[in-house]
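> These are the residues of each chain, in order.
2 protein chains.
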Amino acid sequence: MTVPASTASDAEAHAAQTAWLRLLSLEWSPKRAHAVLAAFGGSAEAVWAASDVEWRFCCPSLADKHIAQMASVQTCDLSKAWDALHAVGGHVVGLNHPAYPPNLRPLPDAPPVLMVRGELVPEDKFSLAIVGSRRATSYGLSLAKRFARDLSAHGLTVVSGGARGVDTLAHQGALEGGGRTIAFLGCGVDVPYPADNRRLFAQIADGGGAVVSEFPLGTKPEPWRFPARNRLISGTSLGTLVIESPADSGSLITAREAGDQGRDVFAIPGPIDTGRNAGCHALIQDGAKLVQSVDDILGELGLLTLRAPGDIASSPPAAKTSPTLPPEERLVLDLLTLQPRLMDSLIAESGLTVPQVSGILTLLEMKGLARRLPGNAFVRVL
Amino acid sequence: MTVPASTASDAEAHAAQTAWLRLLSLEWSPKRAHAVLAAFGGSAEAVWAASDVEWRFCCPSLADKHIAQMASVQTCDLSKAWDALHAVGGHVVGLNHPAYPPNLRPLPDAPPVLMVRGELVPEDKFSLAIVGSRRATSYGLSLAKRFARDLSAHGLTVVSGGARGVDTLAHQGALEGGGRTIAFLGCGVDVPYPADNRRLFAQIADGGGAVVSEFPLGTKPEPWRFPARNRLISGTSLGTLVIESPADSGSLITAREAGDQGRDVFAIPGPIDTGRNAGCHALIQDGAKLVQSVDDILGELGLLTLRAPGDIASSPPAAKTSPTLPPEERLVLDLLTLQPRLMDSLIAESGLTVPQVSGILTLLEMKGLARRLPGNAFVRVL
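These protein sequence lines are chains A and B, in that order.
If you count the first sequence from 1, you need to add 5 to reach my numbering.
If you count the second sequence from 1, you need to add 5 to reach my numbering.
Think of the hints as simulated: they come from the structure by calculation, not from any bench.
Keep in mind it's a predicted model, so treat the numbers as computed, not measured.
Errors might be hidden in some of the hints.
A pair counts as met if it fits within one copy or between any two copies, since identical chains are not told apart.
What the hints assert, rightly or not - With a cut-off of at most 20 Å between alpha-carbon atoms, the simulated SDA-like pairs for lysine to any residue come out as follows:
no. : residue 1 : residue 2
1   : Lys294    : Pro276
2   : Lys372    : Phe231
3   : Lys36     : Pro65
4   : Lys36     : Leu340
5   : Lys294    : Ala283
6   : Lys225    : Ala86
When you get a sec, could you build the whole thing from the sequences and use the hints?
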């Protein structure tokens, strides 16, 4: 998976990021920030290009103190924030950025701005959250790693927090599986918390995925920020898998968020005599899907056609790729992989038009060479 | 709980049992036996009082060989069967006997005759089957014993097979809990199989409940008989609890029977990494209720008002039993316990009429002294 090449020049990109950074520095609730953005066509640059008179006119819900805050931020010096961001190799992803998590964007409390170390890509649409106890036993830890590795090998991005225990093992498993993983922090992306995970975060940012936060750089890991952060973990993902969660675990908040967001909730059962899985069991009693294997998850998400790279060896692609195809069909087919590709990416990379790619994909489906997945994505059929 | 006193004399009871024993010795399918019984008003004695001409006339579906078989059984000597039954202290319970399991009776494949060591009582209506692996680990064994003990302490009868493992521990737990337990065997009630359980069966028969079989005395434990026997375990019970069942366990047959019979299926989860609970997990995925505690079961069955005797100490009955009641209300109230009593038993024991008892129970309910349970049973309210 690759990031679509930006058409804006570096200078334009910098200007856009600066505008989003300014918006972030207001530290407003997503609701108020969305209201202002909506009044200016969703563009942070348009917000800051306007005057206080225009803000007042376009956003009558803003109080005087908000207008004053905006006026102060409009001209403030962001060089320290930029320096700090560069120091950790980070960048700013606004709500209208093509790499903004596609499952998160439509939610009413989606953060307008994300601080990102590493890269987000549109194919992170196919992601699954893995959450659980910080104090998991070897049972939970080994399952977190195994499920993350297997999901990652099937092309799904893993999403979790940055805590010890299940979070950490999920990221490690995803990296082992050769796939992508996203860590949402409850502090600034430049704050390595917990300190044990400094190396893990660097590894994720360095090609393994992204370390992401809705909070400004330097934000300390205050306790209230973690429950708020949980909605991003579930909201970014097609579903949330809960592993070894006792009755009072924070991971149940993430599961509840997932349910409220209309996403699937999955839970792995365990022994009932320790209390360490009581949260998972209560979720299953309330309708979460009991999970014994990765296939249980893929099946529920309608992604059971995904095949792990390990499966490839046993079924060589020769047979079905041999037919002579018109050059444009061949071009699109060659862009397909065993892991989901979004129609938008195929359009960008093929250089063909929307109707052309759409038509070709239908032909490839009819020829049994491609398969459509939920969410306008496609995989190659072997 | 007590067995309603029989109104028939001993001689009459013996004649009835002999008629049912004759029917059993045909070793017919329940379907054919039901057809013959239906033609003679449900009375085994009426069947044998008739002639072969009447059998032919009333049961046109019987073939010549069946009529010949009946004629031979009609006059055969049953003294050996009686001797064997007396040797193990057993008796015969036909479909029309008041102690025939009330949940089993309406099923189309209910056995017309049961051989019983110990006693069946009408209150066995409130029973739960506990089944699971013969080769359970200490996890499954300890849970089988704990759940059986707790259910038994809440007044529910435990029902299971006679095998090693979960079956055995379930019976032991029920006996420890001071309640009743029923073992359905896949062989004759005089065949101690497995031999290890000879003492357990004697203990159950000797006041702890009943050891029961639909097969004639002396029947060997052939493998095919056990799956057939499973329908009796589930059919006798309000629901079936499966503990530590791998994917290929016979206890899944019992769970399937329970589902087909419209009864609740409960399953206890466990670790997913050993395969030993894969059957339980598959049942939950298919809609069985995940169980973490006895309350999960009582709640689902609408029996959460049942209180274990251990609870009594903390809430002395003085307060609510003190009001001055008319003598007949006092009489019925004194027959109520914390464990369910059937309306029929209350009528028999009070010597009052059906409308009297029904009216008094309604008054006691209105006064908050009694509570109605599903299945026309009542408990005392403390």
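> Take the hints in turn and mark each one as holding or not.
Taking the hints in turn, this is what the structure says about them:
For the identical chains of this complex, Lys294 and Pro276 are neighbours both inside a copy (17 Å) and across copies (16 Å), given an alpha-carbon limit of 20 Å. Taking CA atoms no more than 20 Å apart as the test, Lys372 paired with Phe231 passes in neither setting, with 48 Å inside one copy and 51 Å between copies. When the C-alpha separation of Lys36 and Pro65 is checked against a cutoff of 20 Å, the pair qualifies only within one copy, where the shortest distance is 14 Å, while the shortest distance between copies is 80 Å. For the homomeric pair Lys36 and Leu340, neither the shortest alpha-carbon distance inside one copy (39 Å) nor that between copies (64 Å) is at most 20 Å.
Proximity of Lys294 to Ala283 under the C-alpha cut-off of 20 Å is found in both arrangements, the shortest distances being 15 Å within a copy and 15 Å between copies. Taking identical chains as interchangeable, the C-alpha atoms of Lys225 and Ala86 lie at most 20 Å apart only when both belong to the same chain, with a minimum of 15 Å there against 84 Å between chains.
In summary, the structure is inconsistent with hints 2, 4 from the numbered list given earlier, while agreeing with the others.
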